[in-house]
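Asker: For chain A, the structure is supplied; the task is to place chain B on it using the hints.
Here is what each chain is made of, one letter per residue.
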Amino acid sequence: MNPEWSPDEERLLDAPTIRPYVIARGRTEAQDRFDLISLAVTIRPTTGAEIGLDPEHQAIVRLCRRALSVAEIAAHLDLPAGIVRVLLGDLFDRGFVAVQQPQPEMDVLDERMYKAVLDGLRAL
Amino acid sequence: MVSGHSDTLKMPKAIKLLIAGGFGVGKTTMVGAVSEIRPLRTEETLTNLSVGVDDLSGVEAKATTTVAMDFGRISIGQDFVLYLFGTPGQERFWFVWDELARGALGAVVLADTRRLADCFPSVDYFERRGTPFVVAVNCFEGAPVFELDEVKLALNLGQDVPILLCDARRRESGKEVLIALVKHAYGRRPTAAAH
Chain A
1 MNPEWSPDEE RLLDAPTIRP YVIARGRTEA QDRFDLISLA VTIRPTTGAE
51 IGLDPEHQAI VRLCRRALSV AEIAAHLDLP AGIVRVLLGD LFDRGFVAVQ
101 QPQPEMDVLD ERMYKAVLDG LRAL
Chain B
1 MVSGHSDTLK MPKAIKLLIA GGFGVGKTTM VGAVSEIRPL RTEETLTNLS
51 VGVDDLSGVE AKATTTVAMD FGRISIGQDF VLYLFGTPGQ ERFWFVWDEL
101 ARGALGAVVL ADTRRLADCF PSVDYFERRG TPFVVAVNCF EGAPVFELDE
151 VKLALNLGQD VPILLCDARR RESGKEVLIA LVKHAYGRRP TAAAH
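Top to bottom, those sequences are chains A and B. Residue 1 is where the first sequence starts when you use our numbering, and the numbers rise one by one after that. Residue 1 is where the second sequence starts when you use our numbering, and the numbers rise one by one after that.
Since the hints were made in silico from the structure, they are not lab data. C-beta atoms are modelled at their ideal positions from N, C-alpha and C, and glycine is treated no differently. Hints may be right or wrong, so weigh each one.
[What the hints assert, rightly or not] Simulated DEER-style distance windows between Cβ atoms:
| no. | chain 1 | residue 1 | chain 2 | residue 2 | range |
| --- | --- | --- | --- | --- | --- |
| 1 | A | D93 | B | L165 | 48 to 58 Å |
| 2 | B | K10 | A | L118 | 21 to 31 Å |
| 3 | B | T66 | A | L118 | 31 to 41 Å |
Just chain A, same shape as in the assembly (with noise of 0.2 Å):
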């Protein structure tokens, strides 16, 4: 028996806490890539088969048949938003996904956006 271990150290594992850190392998440094609101949308379906894809990489593409934004793709795999731009990053690199990041501040000034959005909403 480890005389270092104690009772104590493995109360800090908590399973739901610690998961999702797991799936992303300790990785944060996606934080940056993507928005909340860049869209995701599936281009490639995964056969199941491929190495290095988790679970929830699999739910992923499942989901973003249509495209989703990363608020919506961690409400419905009910994950930390920073765990999804983690493994969204990875089905971005490997050509599984297209994200489509929003329109910076500066170019949400054309003028055709703004009434499509008024005339929608009235629409609605």
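Answerer: Just chain B now, kept in the frame of chain A:
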């Protein structure tokens, strides 16, 4: 910009709107009233870079906090999709707004006349940041009825900031508030101000 492996992919453009205001003022109710989906909840880890800014030692503390936000979605045809985020209600989370507000088209500040002061931090924040916003006074039953001019004065709002009454439970009312916001944001866009 589609950053992906297929540049021909047709994707809508995502637009972010914020619904701010004090705790319990009806932010999620409003999101739910206008959203085409049941409001969803997401958890976001945000960085607090502001701690120690006033500290002359120049030591910038960095802390992260996790906040839960409710949000909804409104598709505008095939081309645009609006995401409405209810900002976390507690004032101690004011610093998170910067990450939320980045890229937002504008914000609705929901106010409750029984606790008008609760929306001061939101008003201050959007004024300082230059984010276009409108104030929507949620009409709770039993709440004192004020003239909108009185509320405007109490909030010390700029002349151009639209203020309107609303019922956050009603879709039609939420729609009107969003239309007022988009109109206001349109008038406030930098290219418009330059002319």
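Asker: None of the hints should be skipped; say for each whether it holds.
Answerer: These are the hints, each one checked on the structure:
1. A:D93 with B:L165: 48 to 58 Å: At 50 Å between Cβs, range holds.
2. B:K10 with A:L118: 21 to 31 Å: 22 Å, holds
3. B:T66 with A:L118: 31 to 41 Å: 35 Å, holds
Violated hints for the displayed structure: none, as all numbered hints are satisfied.
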